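Number of protein chains: 2
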Amino acid sequence: MGNRGSKPGTGRSPSATQGQQRNQRGRATATAAVTVPKDTAKAYDALCDRLKEVSVLGGISGLLGWDEMVMMPPGAADSRGAQKSALAGVLYDKKTDPVLGQLLDALKAAPPGALDPYQAAVVRDAGKQFIKDTALPKELAQRIAKLESDAYAAWVKAKTASDFSLFAPFLKEWVEVNKEKARLIDPSLPPYDVLLDDYEKGLTSARLDEVFAQVREGLVPLIAAIKTRGRAIEDKWMDGDYDLDKQAELCKKIALDIGFDTDHGRLDVSVHPFTGGAHPTDVRMTTRFKKHSLLEGITGAIHETGHALYEQGRNLKYDGLPVNAALSMGVHESQSLLWERMVGLGRPFAAYLLPLLKERFPDKFGAASAEQLYEGENKIAQPSLIRVESDEVTYPLHIILRYELERGLMDGSVNVDDIPKLWNERMEAYLGDRPPSDAMGCLQDVHWSAGLFGYFPTYSLGAMYATQIYAAASKAIPDLEAKIQAGDFKPLKAWLNEQIHSLGSLHASGDELMTHVTGGPLDPSVFLAYLTKKYTDLYKL
Amino acid sequence: MGNRGSKPGTGRSPSATQGQQRNQRGRATATAAVTVPKDTAKAYDALCDRLKEVSVLGGISGLLGWDEMVMMPPGAADSRGAQKSALAGVLYDKKTDPVLGQLLDALKAAPPGALDPYQAAVVRDAGKQFIKDTALPKELAQRIAKLESDAYAAWVKAKTASDFSLFAPFLKEWVEVNKEKARLIDPSLPPYDVLLDDYEKGLTSARLDEVFAQVREGLVPLIAAIKTRGRAIEDKWMDGDYDLDKQAELCKKIALDIGFDTDHGRLDVSVHPFTGGAHPTDVRMTTRFKKHSLLEGITGAIHETGHALYEQGRNLKYDGLPVNAALSMGVHESQSLLWERMVGLGRPFAAYLLPLLKERFPDKFGAASAEQLYEGENKIAQPSLIRVESDEVTYPLHIILRYELERGLMDGSVNVDDIPKLWNERMEAYLGDRPPSDAMGCLQDVHWSAGLFGYFPTYSLGAMYATQIYAAASKAIPDLEAKIQAGDFKPLKAWLNEQIHSLGSLHASGDELMTHVTGGPLDPSVFLAYLTKKYTDLYKL
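Listed in order, the protein sequences are those of chains A and B. Just so it is clear: in the first sequence, position 260 is 260 by full-length UniProt numbering, and no numbers are missing. Just so it is clear: in the second sequence, position 333 is 333 by full-length UniProt numbering, and no numbers are missing.
By construction, these hints were calculated from the structure, which means they are not laboratory data. From a predicted model like this one, the values you see are computed outputs, not experimental measurements. Treat the hints with care, as some may be off.
Which copy is meant is left open, so a pair is good if it fits within one copy or across any two.
Under the rule of at most 27 Å between Cα atoms (straight-line distance), these lysine-lysine pairs were calculated in the BS3-like manner [said to hold, decoys possible]: (1) K52 to K146; (2) K42 to K84; (3) K52 to K379; (4) K291 to K179; (5) K236 to K138; (6) K475 to K146; (7) K52 to K84; (8) K364 to K179; (9) K253 to K128; (10) K42 to K138; (11) K493 to K483; (12) K252 to K52; (13) K379 to K291; (14) K227 to K84; (15) K42 to K533; (16) K246 to K52; (17) K533 to K290.
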């Protein structure tokens, strides 16, 4: 029996490796004096070296997160925490290095035309990020870190007891802390706008007020009409047990058909589906399957594939630079929702999907028609009080409700103590139903316990962007829906790669990107027209 | 159909996370002035903070390596390279920080008794490592990095052409470079000893000369006797196809029976079996199975389990400190070989294994006896010219041959150009057979192309340590072999945990550890007695 050459490391590094490290760095320690080059091109290169290093280390952080969710043994949580913290410390040092600030200052002062549009976008976004990274004094940063854990614990307790008053003091502190943070980052803007920019670059609350008012006015009557005048849709026939292995195999086939690239990514199963990874060439997507929820597994897989295609579609010419990052949370969500809803829940896709279902689940789908599948997929079970269980028609109102409240908290027009009352009143006004408890109402979501004001809107921005993008794609790609029906998703993927994915963060806002792609800024009337047409037809209103 | 909350990051970090990072660090940048505490306890704590940070970041590096071998999609190789390089750069900066050197200088000057034995070992090993990490000037480090790739490419070419002369110039440069490196690290020692210390702490070539001479003199006649007078052993009956899933399931059962802890580790399959991971609580072990090689899969799994138990057995009281690292490559190998050979290839284990084989592979093992299994497992197929295909009797001579040559290269008594001639002569003298080509001879192993002089001996040191440790365990644990036969591996694992694993690098050398565990230093006569007894009996010499 032969010996094997395998040996784990001993914690000592052979000198050859050390040599390689030193060679790769070529500098002694972080304390060495650095001067900012006077030449714009050289300064830009020096900036890019630093930004790319941060991006690469951030990629490692992404891998640690994926591994933690998908692979890590349960007893390694503490050591993983220490690893994430140490790497965050390294990243913090790199991101707040004063030399980075000096390079950015020099480049912001560069003569017009010295930088091409991609380079200008790098300086613009890196400059904004540097201000955010360096704005907070240590005391405030520590207060935020403590509040994150304290408020989470309080939210868990309050939700369990269904008693908002247990959470109220922490939400009050988040309001104060977020106001202070926003003031330090940019005192010239409304505080809520500063927070919003973290998730949806370039968006203002004034713009969002207009957009969401229009959505609200369009949806409230549509929901009421479905509720009062909609026909009954039969979907009970799809209930039942679906073999998990067959679900996984089917969803992998769908992801690959749509265009997920396993040379540059992995598909795994995790408790919560997500798309993460370490790099556009290393995208880790996960799905989840439940025996009783075939459609949830399928739409979840399509949704994550949409996120993954955005990640895999970046332009590696700008690898590691801010201009190559996702433009915003909303734009990211537009990619997942375009595939999930515009494609995956449409009639042509039902025609593509049905034979795959018949093959795997003949007992259930042997006699079904594509129209029956389409109807079952799109049935609105019951306008739900719970956001994460809601359908595409009621979902935006959940978001608008939260937006109105968190925006009010930040501008002082809403008091924390009034949240439960306001929540219940508006839920009744928007969805025609009143939550029976705080747990089912204003305590249902975790986001506020983490101080995330400005995050919720991106869900609905993504849904709206998706309808506009799909409309533009339908014009640009001949016979798009016939291609979808035939399972040929390549033209749509290629168009998205070119129009959206490869552009990364070149544009300064979602509005700018929409103008580039669709000829006009975000336009809620497209979203409303889509929903009205689809559900008027489906429910024969 | 509900929306999902899953969203990949956008490359932007919400400020709350930044706050946490800053909070966890509590310092501005790496350029802040640092003073070395005068108080020994405080200086020691400051040292430990830095060493632990390096250890944690090194753990991340371990995870990147594991992921690359087991999980990473093929198209991510470049981005993974960039990640490893960036992290290596960070580690290099941390490991060569002058403040670390100042802390070590202060602690080396601490009054006797100011540090307990574990603390003293931390300062001893960290001090040695700091010298190694800072010894090489940039030019030499760059030369080494270049030589690593050039020499590897030349070795591949030379091996393919079976022509040593193509590789000779690179080996000459490695000799020069390694001499220079050794001189920079410690000019007071023979250069080979400086290199050896990277892999086998505290060992000298003078000591190794004695040890290996004794082994050589004992083994050459034993091998000749087996070859000329040994009886034929029947093992053809085990040939055949073994279902891979059944092999994997069996090997997992064996690893768990032996004591691998899946709360603090994972078992996966990879192209080359190895044990790695990120932390003693996160040990990643891999195995490999071939349809035609049942025994190779089983012994491989046992071997890696031995490595993994050493990793999982560390004393977390000293987590992240050098004293808690593996003592040496040789000691690591002693743990894998103890389980693989002393346990896994012994008669009691064959009695434990046989029913498991009968259950899974009744066609092959239904009629077999434990003695037949034992004989089949231990048959020496043919003294092999290839190291990695060799058995435990001939293997040490492969190592000794390489040791003699690389030691001769370093002290000037061997010329690079004479290597093929010397190799072939000694192979004939030691194993009674002459390689038909350089590819089957002196070019067979990759190690020299990476400049790894001093690495080979650790394989055989591990085998020798293992026999001594097993002898000590047999005295300390009543009825050890009866317990093994019954599949009760807990007492042996617990004894190793206490005697070896939890001590980490406390001792200054393998000799010191052996003295602690077995009452005396490394003693090749124990190894020789074990082999002579086992094979005299097996081959009825």
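Okay, the hints, checked on the actual structure:
1. K52 to K146: Between copies only: 24 Å across chains, 31 Å inside a chain, cut-off 27 Å.
2. K42 to K84: between (33 Å within a copy, 26 Å between copies)
3. K52 to K379: Result: close neither inside a copy nor across copies, 46 Å intra and 56 Å inter.
4. K291 to K179: neither (46 Å within a copy, 65 Å between copies)
5. K236 to K138: neither (57 Å within a copy, 72 Å between copies)
6. K475 to K146: Close neither inside one copy (51 Å) nor across copies (54 Å); limit 27 Å.
7. K52 to K84: both (19 Å within a copy, 14 Å between copies)
8. K364 to K179: Classified as neither; 55 Å inside a copy, 74 Å across copies.
9. K253 to K128: neither (41 Å within a copy, 55 Å between copies)
10. K42 to K138: between (33 Å within a copy, 24 Å between copies)
11. K493 to K483: Only inside one copy: K493 and K483 sit 12 Å apart there, 62 Å across copies, limit 27 Å.
12. K252 to K52: Classified as neither; 33 Å inside a copy, 42 Å across copies.
13. K379 to K291: This pair counts as within: shortest intra-copy Cα distance 20 Å, inter-copy 51 Å.
14. K227 to K84: Neither, since 48 Å and 57 Å both go past 27 Å.
15. K42 to K533: This pair counts as neither: shortest intra-copy Cα distance 55 Å, inter-copy 72 Å.
16. K246 to K52: neither (41 Å within a copy, 46 Å between copies)
17. K533 to K290: neither (32 Å within a copy, 59 Å between copies)
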